[in-house]
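J.: Residue numbers (UniProt numbering), protein chains in the order written: chain U, 1 to 318; chain F, 1 to 177.
The set of hints was computed from the structure by calculation and includes no laboratory data.
Backbone N, C-alpha and C fix where the C-beta goes; we use that ideal spot for every residue, glycine too.
You may find that some hints are simply not true.
Calculated lysine-lysine pairs in the DSSO-like style (CA-CA distance at most 27 Å, straight line) [to be verified]: (1) U:Lys80 / U:Lys122; (2) U:Lys286 / F:Lys145; (3) U:Lys80 / U:Lys143; (4) U:Lys56 / U:Lys35; (5) U:Lys274 / F:Lys145; (6) U:Lys274 / U:Lys262; (7) F:Lys170 / U:Lys146; (8) U:Lys257 / U:Lys299; (9) U:Lys131 / F:Lys170; (10) F:Lys155 / U:Lys254; (11) U:Lys262 / F:Lys155; (12) F:Lys117 / U:Lys82; (13) U:Lys314 / F:Lys145; (14) U:Lys103 / U:Lys80; (15) F:Lys155 / U:Lys284; (16) U:Lys73 / U:Lys122; (17) U:Lys80 / F:Lys170; (18) U:Lys284 / F:Lys145; (19) F:Lys145 / F:Lys155; (20) F:Lys145 / U:Lys281; (21) U:Lys143 / U:Lys103; (22) U:Lys286 / F:Lys155; (23) U:Lys35 / U:Lys103; (24) F:Lys170 / U:Lys122; (25) U:Lys35 / F:Lys170; (26) F:Lys155 / U:Lys274.
Partner residues aside, some chain U positions facing chain F, computed with beta carbon under 10 Å [said to hold, decoys possible]: (27) Val117; (28) Asn136; (29) Asp187; (30) Thr308.
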Amino acid sequence: MKQQLILGLALSLFSQLVVAAESVNENLQVAGNEKIYIENMRGEVEIVANSENRFKVSGTLDEKAEGYELDSKNGFTSFKVKMPSLRNYGNWDDQEKEGSRLKIEVPFGTELEFQGVNASVKVSGVQGSTKVTTVNGSVYAEKLQKFIQLETVNGEITSVNNNGRITLNTVNGEIEDTGSEGRLSIDAVNGSIETKSSASEVSVSVVNGEADLELTNVQQLNMSSVNGSLDAEVKGSLTPRIEASTVSGNAKLKLEKAISAKFNLVANAGGSIKNELTSQKAEKAKYGPRSSLEFSTGKGEGSVEMNTVSGSMKLETH
Amino acid sequence: MKTEHELDALIAGLSSELKPSRDLWPELELRLIPAEIKNEEPVPLRPNKWLSVPFAGAYVASAASVLFAVTLFWQPAALQPSAPVQAGLFNPQQVDAQTAIVYSYEQAKAEQLASMKVVDPVYADWQQQLAQWQQAIGQVQLALKYNPNEAMLLKQLRQLYSQQHNYLQKVVQSGLV
Chain U
1 MKQQLILGLA
11 LSLFSQLVVA
21 AESVNENLQV
31 AGNEKIYIEN
41 MRGEVEIVAN
51 SENRFKVSGT
61 LDEKAEGYEL
71 DSKNGFTSFK
81 VKMPSLRNYG
91 NWDDQEKEGS
101 RLKIEVPFGT
111 ELEFQGVNAS
121 VKVSGVQGST
131 KVTTVNGSVY
141 AEKLQKFIQL
151 ETVNGEITSV
161 NNNGRITLNT
171 VNGEIEDTGS
181 EGRLSIDAVN
191 GSIETKSSAS
201 EVSVSVVNGE
211 ADLELTNVQQ
221 LNMSSVNGSL
231 DAEVKGSLTP
241 RIEASTVSGN
251 AKLKLEKAIS
261 AKFNLVANAG
271 GSIKNELTSQ
281 KAEKAKYGPR
291 SSLEFSTGKG
301 EGSVEMNTVS
311 GSMKLETH
Chain F
1 MKTEHELDAL
11 IAGLSSELKP
21 SRDLWPELEL
31 RLIPAEIKNE
41 EPVPLRPNKW
51 LSVPFAGAYV
61 ASAASVLFAV
71 TLFWQPAALQ
81 PSAPVQAGLF
91 NPQQVDAQTA
101 IVYSYEQAKA
111 EQLASMKVVD
121 PVYADWQQQL
131 AQWQQAIGQV
141 QLALKYNPNE
151 AMLLKQLRQL
161 YSQQHNYLQK
171 VVQSGLV
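Using the sequences and the hints, build the whole thing.
T.: In structure tokens, the structure reads:
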């Protein structure tokens with residue numbers, strides 16, 4: 001009786017292991033501009049673009065998965081790893097050990113959307129549009145085009161050589177962007193931001209983290225911080241439109257010496273203003289804590305507006 | 001110019017010290033935040049001599065937002081006109097820009113908080129996050145008292161509220177999944 005019980009348990013465990021090791025291997029013809037939706041709650045997923053008009057998925061499914069769903073018709077393809085109804089998808093620390101391991105190939109022109117929870121994603125080469133949303137996991141995106149939207153809550157976002165309308169968003173993670181072009185928008189609540197970008201329009205917002213920007217040929221820059229610091233080096237822009245604001249954080253702007261712009265800097269409640277671009281100094285209001293600095297360089301074609309409540313602001317030159 | 005000179009002369013004539021007519025300590029003591037509440041505070045913003053607003057927790061902000069909306073709409077029955085009250089009595093265009101911003105976002109926030117049921121554990125510290133924005137909003141509002149129509153401050157106020165709104169939206173949606 002005891003032996004039967006042990007055998008039964010062993011078989012049960014074995015059957016679970018078999019489920020855990022369920023593999024997937026699909027390969028189907030799709031349109032070059034297919035709209036592809038992928039849903040995988042846990043694990044690691046790599047998505048690469050190919051020159052064939054084929055959707056391929058291979059690898060192993062999540063140990064807790066109840067199979068998968070694959071639908072493809074009329075230019076729409078959907079691949080979902082079916083999971084039981086879980087309120088909690090496990091600990092972030094377990095992600096290394098649990099979850100799906102998938103490699104997915106899509107056509108270059110795909111309009112891609114990925115959704116996960118405890119999932120890390122690596123996506124490259126998609127030229128249609130890409131939207132990636134995860135909660136606990138990192139996102140790595142390379143050589144994407146058109147509309148690019150990458151979002152996580154607790155995780156890092158790495159964006160490399162992307163071009164288009166790029167939106168990067170995290171709550172607690174860090175964001176690192178290099179070689180981006182087009183329009184770039186980065187938001188982090190507690191994480192830090194680092195970018196080396198050639199985008200013409202850049203918007204950066206951080207609450208507690210720091211933002212370190214190295215921008216080439218930017219035409220329009222908006223950056224804001226609550227408590228964290230902003231540090232922007234602007235190269236090759238002679239008539240930019242820049243707006244920067246902080247509450248108690250510091251902001252530093254390094255500009256071209258030959259910049260042609262009107263400058264308006266205001267520290268509203270005890271903040272400080274330091275100008276190393278020209279010889280003008282900030283003036284303190286006769287009554288109250290406000291101090292301000294207004295001046296123009298060149299023909300005053302561009303515009304630089306900086307505002308703080310109680311932080312410090314600094315203008316520098318290369 | 002005459003007014004400014006007169007003001008300068010009056011200021012010069014003022015005593016540099018002013019003693020309160022009564023002992024202020026008992027009232028100050030009452031307003032001090034208990035130590036256990038202080039320990040729950042998020043990372044404080046950098047202190048500044050002009051900005052000494054006491055920390056207000058997210059629950060206080062939430063309560064304030066509801067109170068604010070209620071105050072704007074509530075009228076005692078005796079004061080109500082005989083004609084039926086029309087919706088939209090509050091016209092943001094008839095108040096100053098700051099009030100309009102605060103009103104619209106606080107109302108939206110009250111609605112968001114009311115719709116909140118379950119919060120995903122990844123947003124466990126949402127109240128602290130909200131409190132940080134609220135503290136920053138408080139600092140901007142205090143600066144606006146010195147410079148009431150400063151466009152950049154108003155823009156900053158709107159931006160902070162907008163960030164807080166977007167964050168809260170994510171928190172609310174996390175509980176709906």
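J.: Would you check the hint for lysine 80 of chain U and lysine 170 of chain F, treating anything up to 27 Å between C-alpha atoms as holding?
T.: Holds, at about 23 Å.
J.: Given the proposed pairing of lysine 117 of chain F with lysine 82 of chain U, does the C-alpha separation stay at or below 27 Å?
T.: 26 Å, holds
J.: CA of lysine 274 of chain U to CA of lysine 262 of chain U, is that 27 Å or under?
T.: Between lysine 274 of chain U and lysine 262 of chain U the Cα gap is close to 16 Å, so the pair holds against 27 Å.
J.: Lysine 145 of chain F and lysine 281 of chain U: Cα distance at most 27 Å?
T.: Since the Cα atoms of lysine 145 of chain F and lysine 281 of chain U sit roughly 25 Å apart, the hinted pair holds (cutoff 27 Å).
J.: Min Cβ distance, threonine 308 of chain U to chain F: is it shorter than 10 Å?
T.: 9 Å, holds
J.: Taking 27 Å as the top limit, are the C-alpha atoms of lysine 314 of chain U and lysine 145 of chain F close enough?
T.: Answer holds: lysine 314 of chain U to lysine 145 of chain F is near 25 Å, not above 27 Å.
J.: Does the structure keep lysine 80 of chain U and lysine 143 of chain U at a Cα separation of 27 Å or less?
T.: Measuring from Cα to Cα gives roughly 25 Å; hence the hint holds.
J.: Please work out if lysine 155 of chain F and lysine 284 of chain U have their alpha carbons no farther apart than 27 Å.
T.: 22 Å, holds
J.: For a C-alpha distance cap of 27 Å, please report whether lysine 80 of chain U and lysine 122 of chain U respect it.
T.: 17 Å, holds
J.: Holds or violated: are the alpha carbons of lysine 73 of chain U and lysine 122 of chain U at most 27 Å from each other?
T.: 26 Å, holds
J.: Taken at face value, is the distance from the CA of lysine 145 of chain F to the CA of lysine 286 of chain U at most 27 Å?
T.: 16 Å, holds
J.: Check whether the Cα positions of lysine 155 of chain F and lysine 274 of chain U lie no farther apart than 27 Å.
T.: 23 Å, holds
Of the hints listed earlier, there is not a single one the structure fails to meet.
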